[in-house]
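Sequences are here, hints too, so could you generate the full structure?
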Amino acid sequence: MRGLLYVLTAVCVVALGFWAYQENYRTQGAIREVRSLNARIGAAHARLNVLSAEWAYLNRPDRLRELADANFDRLGLLPLTPEAFGHPQDIAMPLPPIPELGPIMDPVEISAGQRGPNGEEPL
Amino acid sequence: MIRRPLRPLARVLRARDEGGNPDAIAAENLRLRHEEMRDRARARAEGRLLVLGFFFFVAFLTIGVRMGALAATEAEEPRAVANGNPIINQRSDIVDRNGRVLATNLDTHALYAQPQQMIDPAHAAVELARIFPELDAEELLEDFTGNRRFLWIRRQISPEQMQQVHDIGDPGLLFGPREMRLYPNGPIASHILGGASYGREGVDSAEVIGVAGVERYFDAWLRDPANEGQALELSIDLTVQAAMEEVLAGGMTLMEAKGATAIIMDVHTGEIVAMASLPDFDPNDRPRPLTEGDQSDSPIFNRAVQGVYELGSVFKIFAVAQAMELGLVNAQTLIDTRGPMTWGRFRIRDFHDYGPQLTVTDVIVESSNIGTSRIALMIGAPRQREFLGSLGFLEPTQVEMVEAPTGQPLLPQQWSEISLMTISYGHGLSASPLHLAQAYASLLNGGHRVRATLVRQDGPQEGERVVSEEVSAAARSMLRQVVTRGTASFAEVPGYEVGGKTGTADKPRPTGGYYTDRTISTFAGVFPAHDPQYVVILSLDEPQQFVAGENRRTAGWTAVPVAAELIRRTAPLMGLRPEIATLDPTGVTQTASH
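Protein chains in written order, with the numbering used here: chain R, 1 to 123; chain Z, 1 to 594.
Some clues are possibly wrong.
Selected chain Z positions facing chain R (in silico; Cβ < 7 Å) [said to hold, decoys possible]:
id : residue
1  : T104
2  : I153
3  : I157
4  : P159
5  : P184
6  : N185
7  : L334
8  : G495
9  : P572
10 : M574
11 : G575
12 : R577
These are computed hints drawn from the structure, not numbers from a lab.
All values reported here derive from a predicted model rather than from experimental measurement.
Using N, Cα and C, we set each Cβ at its ideal position, and we do this for glycine too.
What follows is the structure in structure tokens.
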């Protein structure tokens, strides 16, 4: 009985050692991955930073003004002035649709110089 | 362990036989037993001491090794843990109120040389001089072949230049990473931003420190890693600022002025939406301060904050508002305006003769110095001083710029009656345009004191009350009438109901007295008058315009048309839609009765 207990304990120790070994290597792998991810995030940040700086540089008001002047023929852009504001009433709204006429239910025939079906005089 | 008996029978019997004393045997044995116990105790104590000593040794060794390692290794940038922001900029960005970038960082490199490692110094010197035209090949060669071990060549180089230096292929030419402060908009808002430069420099990094403006004022905040790269949000609107600088530059050229400044400020929050001072500079390449001459001629001088000027008639509204607040006059009270008014050896004159009497409203509309002086006399010097103090004229502005404390108003040494009168029409007290913007905002927003700020605010400042709601409305109505039928008629912008006051002040000579042909022309206004949103201050330094047969320097001909164009351009950008003016926009309220 006691021998079996010893064997079981020894097997347990070996199994735990194996598991700890595995965990150790998995942790180290995860740390390595985090480090490389951090480096990539850092690089992405740096790139983002350059792009936003470039965006700001390309959108600087002086340059936009020059571009608007240079392309005035095509775009016709002008500085925003009070005249650019309108009133909702000034907008040309589409006209309301004309209500459709139904089929003629009770036609009155009018004709000149002919008698009606019952022989009466035309109006 | 076998315990040795104290009186072993064999020995005792033998001792008795030999006539000895058995007690001596017992004593001897007791001594031996005690010695044995002592030796055991000592051995145990020594063992413990040894263990303790070992632990101490290990502990000190660990600490020593760690200290040595820390001292010996290069400092490494702290790499934040995975849940934080892994790489943050050394210095936070600065953005405008809509998030557009005003200042940011760019990674670049510095170039340095270690002459001992150089293979062909002569070739390297010639090639470097070719890449960087401002370097001299002979001087470089001298440095490379001398006994210097380290040499900075350029603080910042572009990627193309870096590639060209790589192509030289000399192992003694090395690069150090740098963060460079970049102002992508060039000279726009240059005075507000200030500029940055390098502080302590090492091979692997360099401190970027602010040298002026908000960069310097918020230096500690911008460099604080605890912000995690959060940007500093200013109250400036980049689009409005750019439009303002364009209009101002045009106006300055047209009016032949040597300098100009303008401020647009939110009357309720005190936020400066735009503030410009011309001439300006490029903060990417900030000029050095002048070493001689007048600092106010330098482009880095901020006229809006640092420049203190006698601002002229724009001050009249303060005297009138105070008199109404005190119940001394109302808008219709008649004031004696016969002139010239003599006070001791001083004479106060008006631009024209306005007849014997004017109502208080017309004193403002016609801008009568005599009328304002008489109103000021009713108020008295101590009360005037107190009122101007409550509007912020007695101390520098508290705007978030490092230059703000230098804009100290110049006050009369003795607030005598003559000072009282001259200050009432804007002479004898010098203040910056920003002071004026603050005071106009406080007076016209309904009467709550506001303090100018460059940082974006979330709600109105509920400052202490300066004047009552009614007085504020009456003052707005008077300023509106200055535009509809007074000296600032060019300020009319259809739809925006501008109210404002002109001010033309002769410039003081450095030697004393005043120039007759140099003025500071100012327009201070508010729009829309019935529901004030923004205060605009525009000031031209030494303007003149040749119109209708004469050289005109008064603000009505110079500052006012520029201000009108400024409002026409910027008001739509700030989201104000023009309104069709009502026939009677100016509800004059009686504020006091006698």
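Check each numbered hint from earlier against the structure, then list the numbers of those it violates in ascending order. Per hint list: 2, 3, 4, 7, 10, 11 violated.
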